[in-house]
Structure formats: C-alpha cells, structure tokens
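Once you have looked at the hints, place chain B on chain A.
Protein chains in written order, with my numbering: chain A, 1 to 570; chain B, 1001 to 1154.
If you're looking for bench data, these hints aren't it; they were derived computationally from the structure. It is possible that some hints are incorrect.
[Unchecked claim] Derived DSSO-like pairs: lysine-lysine, alpha-carbon spacing no greater than 27 Å straight-line: (1) A/K530 x B/K1143; (2) B/K1135 x A/K554; (3) A/K96 x A/K3; (4) A/K289 x A/K311; (5) B/K1143 x A/K554; (6) A/K502 x A/K430; (7) B/K1143 x A/K360.
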Amino acid sequence: MRKLLVGTGTCGLSAGAGKVIEALRNNPGEYELSGTGCIGMCFVEPLLEVRDGDSRRIYGEVTPEMALEIASGADPADHLVWSDDGRGSHADFLEKQDRLVLRNCGIINPDSMDDYIARGGYEALRMAREMTPVEIIQLIKDSGLRGRGGAGFPTGMKWSFAASAAGEDKYIICNADEGDPGAFMDRSIIEGDPHAVIEGMLIAARAIGAANGYIYCRAEYPLAVKRLENAIAQAEERGFAQGVHLKVKMGAGAFVCGEETALFRSIEGKRGMPTFRPPYPAEKGLFSKPTNNNNVETYACVPWIVRNGVKAFRERGTEKSPGTKVFALAGKVKRGGLAEVAMGTPIRHLVFGIGGGIKKDKAFKAVQMGGPSGGCIPEHLADTPVDFESIPATGAIMGSGGMVVMDETSCMVDIARFFLSFTCDESCGKCTFCRVGNRRLLETLERITAGEGREEDIPFLETLGRQIIDGSLCGLGQTAPNPILTTLRYFRNEYEAHILEKKCPAGSCRALIKFAVNPETCRGCTLCAKACPVNAVSGQRGQVHSIDDHKCTKCGACYDACPFDAIIRE
Amino acid sequence: MKRSFAELARESRGSSEAVIPLLQAAQTEFGFISRDTIAKIAEATGEPEAQIYGVASFYSQFSFTPSGRHIIRVCTGTACHVAGAGRIVEALSIELGVAPGGTTEDMLFTLHTVACLGCCSLSPVMMIDGETFGKLTPPGAVKVLREFAAGGPR
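Next up, chain A with everything else stripped away, as it sits in the complex (with noise of 0.2 Å):
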C-alpha cells in the first residue's frame, strides 16, 4: 500500500504542514497517511512524501490541494525535490550529508515505537544489557565520542566517573535547553527520533547505575515535550525502562539554564544560577547526588555506536572528533536546514554544496557559529574543517550546532551588538564582571553603531573583553565576549569605518546610512511611497520622487518595494 508522509516537525507546521495532513485525512484514499519528523530541507518546507513500494518521493512547497493531486497519483515535477533514483531539484540536499544521528528523522513516525523498532531500535539496549557497565563505558570512550553540546568533552570519561561515584542515588539528565538563537539541531532530532535520545539515556543510567533521570527541555518546545513525554511512557509500558524512570522538565525561559549546574538548580526549583566546580556533577550535581548530564545529540549517537561498533564510528570524522555533526543552516544561505556531515567538513561545503550558495548570489561574508558564546569565521578561512580542534582556532567555537551564514549586507558590528544585548537580557547577575562588564560592552558597542563611535572604543572592547572572560564564573560570561573580540579580528576595518569614517559598509546601521532617490532609474511608480510608513516619500505618479531626510527612519521600506533599483542606500 502506497504510504503518505508530511513532514510535521516545527518547521514543517509552521510553514503549513498542519493543513496539508489535514487535507488528507479528511479525503481518505488507498495509502496510509503518517506524520514523520524534520526531514530537514526547511527551505522548502511543507513536505510531503510519497511511498511507493520501495520506491520514494518527496514534493515540497506542497499546498492542500496540490497534496490531493499528488495522493490521487500526480507527479508535479517542479516540486520534486528528492526521489530514491536522483530526480528532484534538490536531491543532492541530502546526498552531500552522512546522516547518522539524523538516521530515522524524516524517515519514521515518531510517535510510532513500532516504526523506530523495525529500523533497529531499542537493539543496542538489549545488547548493553549484556555488557557490564565497565564494558559500555569502555566501548563509548574507545568510541572517541566527545560532547555534541559544544564543550567537547570525552563522553565516556564523564560517564566513568559518574560511575564511580560514591553513593547509591545517581542521576542521569539530557540538555534539551537549546537556547542558541538560530539553532534547532536538538528539536529537530527529539521531534524526528525521540526514542533514539530516550534508548541512548538508558543505556547511559545502565553505565553509570542510575535509576532516575530527566530530560530538561525548552519550554518553548511543546511538540519536542509531547514526543518525549510519549516515547517514555511507550518505552516504560513496553517494559525497555526495566526501573529507570525518566521525566521531561520544561524550563522556563533562562538562557543561562543550558550551563549544568544552572540546569541543576532549575530543576530544583530554584532560581537557575551556576555555580562553582568543583565539586563536580559527577559528583555532586542535581540534588547533590551523582550525575551525568549530557546533550540531545550525544545521547543519540549512543546507540548507534553500541550497534554499528566503535571500527563504523571512527570511519568517519577526523581522528579526535570522530563521527558526524548536526548543523542547523540558517541564515543568507539559499538552502537552510538540517545538515549532518562528517566532522572535519569544510565549512564551505555546508555553505555551498549543501546550502547550495548565497541567497539573490550576494558575496558570501562570514558564518557566525555557536551562538552567542561563538564567532564569526571570516569567508577566508571557510575551507577550515568543522572539528572541536580547527574551529577553536579560529576564535569560534564548535558550539551545539548553530551555523548562520551572513552575507555582504550583514554588519559584523551589528551582529556583535546583537549578540551582547542578547547575553545582558541573559546574565543571571551573579558575577561582577559579566553583569556589569558586559552591559558596558553593549553600550559602547550600541554608541558606535549609532555613529559616535570614538577612537580609544576599539582597545577598551578588547580589554574589556578579556577580562569579563577571566573573571566570570560560568561558561556564558567566559564565552560572551566571543562575538566581539572574533569579530574585531576578522573585521576590524568595519569597526574603524564605523567609529572614524561615521560609515556602516553594509549598509545596515541606520544612524550611518541615508536613503536617497536615484533620478536617472526612478520611474515614479509611486510604490516607494506607498510602502513608507512616515510619508516622507513624495512625488507625482510618472514624475522622480524625493525622500524628506527629516521625515525618514532609515527603515528601507522604499528600498525593498522600489522594482527598480531607484533607492539608493548610502
């Protein structure tokens, strides 16, 4: 029987997947209609795909009515973008990718335990079951698996010792606080695959010997919540939990909760603020018990690794960051999305070859990865390789997985304002210097690009800088003056255009621009004046209009609605 999925992740809903099953359900044909997670071609989101025999299709772009036509047996070509024998105008989207992690997302029902068992699930518990603890934690360090939240760390000696802590009551928790802006690796894999994270943790509480765990997840996430809500309580009937008992925590809005220790306090009850190692988690952690606390997506790759062997692992990757990475592909990039590569990937490759280039071909700028703890790697060092050694060079950080892409018009002293203001709304207060420091970072970050940027600006922010990062406590202060000090590096001839020449180079600080009507294209359509929404475009239709430089608030209405070019950004 031919098989029907729409691709219902938070993406897919959004940009209307949820009319498009609905269609369907409510025009019953001769196929099984079955919701799946983030297939990760977002751009074009909604999906629907089409099984036939053993054969596959995928559509995108897909509308109610077109989602009829193609269950009734239409083959619309132009909104073909991947079939099994390489048609479909974006096929190469997902053969340029080594999809490890990201195995069953896109492919099974999440919500179906019986379709994540049939492609190998929940056989990796079974065989921990039969190893000693001892022998798991072994197989994970030989592995060489290392922390995909970002930091790195070698997970199978965060789990040994864990396990040999002292004390009977351990605790095992997943981070599901995905709070990078413009990241959603971890979503898209808890919506796609929830019983992989969930099979991964209990083959974790078995290594460590703990009996309870959690799974602290963004309260701005409820489908990831419900799928895992679901998948536990599938796994806890269908007797795999065997006495561990996992429980899905919603955080509450605090960026600084993705830190442990702050995590720890949160589910506590308590105001999340982190606090001092040592004593470690794997020591002292939540409730001051032992406990191992790892990320969505290292969590799945463990039951991978019990199943395919450590030799399939290390096959792939560079031989310190061995297996792949899960980006997230945002930004100026024409193909955003998901996006799992071997580590050691050129940064280039998920630009180009799989984000397929620059959107409207406009010069390709910088990536700026991990968020706000991370940096903006410069267009000439985009053939470094994504690995935890090669990106730290750089002045970046791996991060979790956030990769967005700027172009020529995004202004890189604008971007570290951004990412400052981001980090004051998120300082808990705890220490001096990245409460107060960093506001004082924002404020002369926020003067420059206001155009009154002063000469002696540029060293206070490196100094400044340093010194927040030498004197904060947790990882958030130590990496907030990142987006700064790589952007001073790589960008430093913006940041003295700005502050000497009063010029924004991309065009984008208002302060700095003015916009102005090109009298030679202007047609005097009118539609600049009309998309205004201070009247201070005027003009007779047919005749050249004129801006009121008074009037205007820089916002670009008229430059974006001008069909001819005629407004001129200076």
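Structure of chain B alone, referenced to chain A:
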C-alpha cells in the same frame, strides 16, 4: 494531559521541585502570576514566598501583569535579525502603539520579542498565539496583524 494549577498544588506535598511547574501552570491558566498565586505556591511547596517570587522573577516565562488576549511573539533570533526582524518589531510597535513587552489598552494584544522560534528558514518570523507567519516584510507583518484583528476575537 496537562494538569491544572489546583491539581498540581494538591500533589506537590512540600517539594521545591514543584515550584516551576506550578508557576507554569498558573501562567498558562491565569495569564500572569499574582500575589495570591505566589502565596498559594508557598503554601503548597513549603517554600517561603520570597523564594517563590525570586524564582518567578528570574525566568522570562513568567509575568506579573495580565497579558492581552492574543500574544504576538516576534522572533529576533540570529537568522531573523539578519533578515530584518528589527524593522518588523518597529512596524508592529507603531501599528499597536505599544513597545515590546507592552499590552494594548483594549487588552487585545501583547507584543513580545523572543530569542528564537526555531523556524529559521522562514525568517523573519512572528507568531500570533499558536500560528506562525513567516517570510515577513514590515508592511506584510502589519497586514497580517490587521487581518488577524479583523477576524475578531478568536
């Protein structure tokens, strides 16, 4: 099934772990955290009121003033930021006559900015209640809002 505030309060039996779930239930049910709610949570969990207030004021999910009937969340994450989210916020602010965080006088709309809604490929994005609107322009966002408002209270 999500349990109600009253049910959760009965079950929490003096455990501090229940503080945040209780605040979350109250925020969803009542739309804000009142003095009275804090007192009830203190009673249920055995934690001092000051401690509950401290927790509630720490997390951005909780608000101490009533929200409008519809919540607008404009994404200002990285991808939306580079795609011009700032201009969307500005256009909506002008249209509604409130700054981000504010509620219109008729208590119909509350305007919020959020760090990331996670549908970056649709940037810039906003959500009104549960519905997402993507690939916005400033006039486009205003149009969506006007159409939503014209659809009457839902």
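Each hint, compared with the structure:
1. Taking the CA atoms of A/K530 and B/K1143, the gap is about 14 Å. The hint holds against a cut of 27 Å.
2. For the suggested pair B/K1135 and A/K554, the alpha carbons sit about 20 Å apart, so the restraint of at most 27 Å is met.
3. The straight-line distance between the Cα atoms of A/K96 and A/K3 is roughly 26 Å, inside the 27 Å bound, and the hint therefore holds.
4. Between A/K289 and A/K311, the direct Cα distance comes to roughly 34 Å. Violation of the 27 Å bound is thereby established for this hinted pair.
5. For the hint linking B/K1143 to A/K554, the alpha-carbon distance of about 20 Å falls within 27 Å, and the restraint holds.
6. Using a Cα cut-off of 27 Å, the hinted pair A/K502 and A/K430 is violated, with the two alpha carbons roughly 36 Å apart.
7. Our distance criterion of 27 Å between C-alpha atoms is met by B/K1143 and A/K360, whose separation comes to about 25 Å.
Hint check: violations occur at hints 4 and 6; the rest are consistent with the structure.
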